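Between the sequences and the hints, there should be enough to build the whole structure, so can you do that?
Protein chains in written order, with this note's numbering: chain A, 1 to 284; chain W, 1 to 263.
Some clues are possibly wrong.
[As the list claims (entries may be wrong)] What the simulated footprint calls covered on chain W by chain A, stretch by stretch (three residues with Cβ under 8 Å from a Cβ of chain A suffice, anywhere in the stretch; the number is not a length):
#1 100-114
#2 137-147
#3 170-182
I should point out that these hints are in silico values taken from the structure, not numbers from a laboratory. Predicted, not measured: the structure shown is a model, and the values here were computed from it. Where is the CB? At the ideal position from N, CA and C, for every residue including glycine.
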Amino acid sequence: MAEIVSLADAVGDLVPDGATVAMEGFTHLIPFAAGHEVIRQQKKDLMLARMTPDVIYDQLIGMGCARGLIFSWGGNPGVGSLHRFRDAVEHGHPRSLELEEHSHAGMAARYAAGASGLPFGVLRGYAGSDLLTHTRVARISCPFTGEELAAVPALTPDVTVIHAQQADRKGNVGMWGITGVQREAVLAARSSIVTVEEIVDALSVTGPNHVVLPTWTVTAVAHVPGGSHPSYSMGFTTRDNAFYTEWDVISRDRDTFSEWMREFVIETPDHAAYLDMISSRAHG
Amino acid sequence: MAEAEHDQTAFTPDEMMTVTAARGLRSGQVCFVGIGLPSEAANLARLSHAPDVVLIYESGTIGTRPEILPLSIGDGELAEKADLVVSVPEVFSYWLQGGRIDVGFLSAAQIDRYGNLNSTVIGSYDHPDVRLPGAGGAPEIASSAGEVIVMLRQNPRSFVDSVDFVTSVGFGRHGEGRVGNVGAGPTVVITDLGVLRPDPVTHELSLTAIHPGVSVDQAVTATGWDLVVGEPLEISEPPTAAELTILRGLKARTSEAHARSRA
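Have a look at this one:
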């Protein structure tokens, strides 16, 4: 059964230094508030996994929380590069990163294998790609047809962190819209944290692709309205496209980045205070 | 181009590229669309000559009909206007790997003479000069789609003799062909200067059409290998007034909507 707790307690209890942490969300429902709390608590040496490390991982990498990255596409969606990620890979600042790089199909197969309790996933992929010689992938033959396929190791995070629209008071979680690889990532992990827009008496089906994670598959639920900003939560918030564009400028320079992180994350007590700062920026 | 704003049929090189790429899609085809230039061309096709083209984005949005172009692959617009939304593991396994995609529509930072695409690094992998975002869905789209349309601007930095990293395979590092891959690979490469297609025997990309107002010399200079120029060389049909109106309307609606989301 999931416990309903504060985000600070959930991160304090379930994200130890050195852990393999997957914060998933495919453009939609990205758990930014939880990522900020990891930064506030100054977690270290994390192996970060995520199909699409975007601005939240740029922040974690730039703040020195990560020792490595398991991923398939690292950019600022619709804008361009992640400058803190590039600075780490190109110049080792603030520290170098151990990279384990896949394709989306490969990462999806890795999470699905983890959720299935299998040691590896199989896909028809990577053929002819130089990724073959730079990542954890093996060629195997189908025992029935002899076709050559790719095998990728299961991905089983110590903790998976996601944001969803709803939980009920028992900790059952409901989400809809673009749900990416979140169900697989939660089921593959040893523990999980879910931040939600609202806590309700009964889950409602209000959008396409409705997914339920029963309370007994989740470790902790925290009520964090607006917890996906600047990403969005369909039915609750819209994507702050302007922020993603501004991030390109903020993150380009090491000092501007550090100053922004201090002002908006380190010195804000929680996500509500962060959202106040963001909204005063919009109107300032 | 000074008279461009007065003459309805004057057009930019990017508009020529987008219109040419859109014409490559037919109604009824199922198309797996990358964000950016491919998304613009695929939606132009859907809003003009190919209303029943089925567009699928890797965020799991299937049969989507966005009224504005998405800024990111997971914009709410794509989910709201979709026939169905599925998980990311499902879109790659059942829909792409399952063989349901006719056309993959890709872009990249670099392409080489054998149609291999690089979106990973410029320079060496371990010590890159520029670290690019990486593969995303492209390797398996390039491998499993029935055929691949590639779209990117042509210059000596992007059109190189040999890519620094093969993220997504075309015809292999040495033009060996489609070994181990299901689909036909890149059948056409559309740029702001013209159209390239692979030679059926050597797999090398050669120039088969040039856009109006572009010289062969320009295309050759913009290419990092000895570009073979087809004979006869076609000249692309310029965009029609109708195509330009639809494309510009789409882009205007998109800018307006994205500006509104800032308010």
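Against the structure, the hints:
1. 100-114: Violated, because only 0 residues of the segment 100-114 of chain W bring their Cβ atoms closer than 8 Å to Cβ atoms of chain A.
2. 137-147: holds (count 6)
3. 170-182: holds (count 5)
Hint compliance for this structure: hint 1 is the single one not met.
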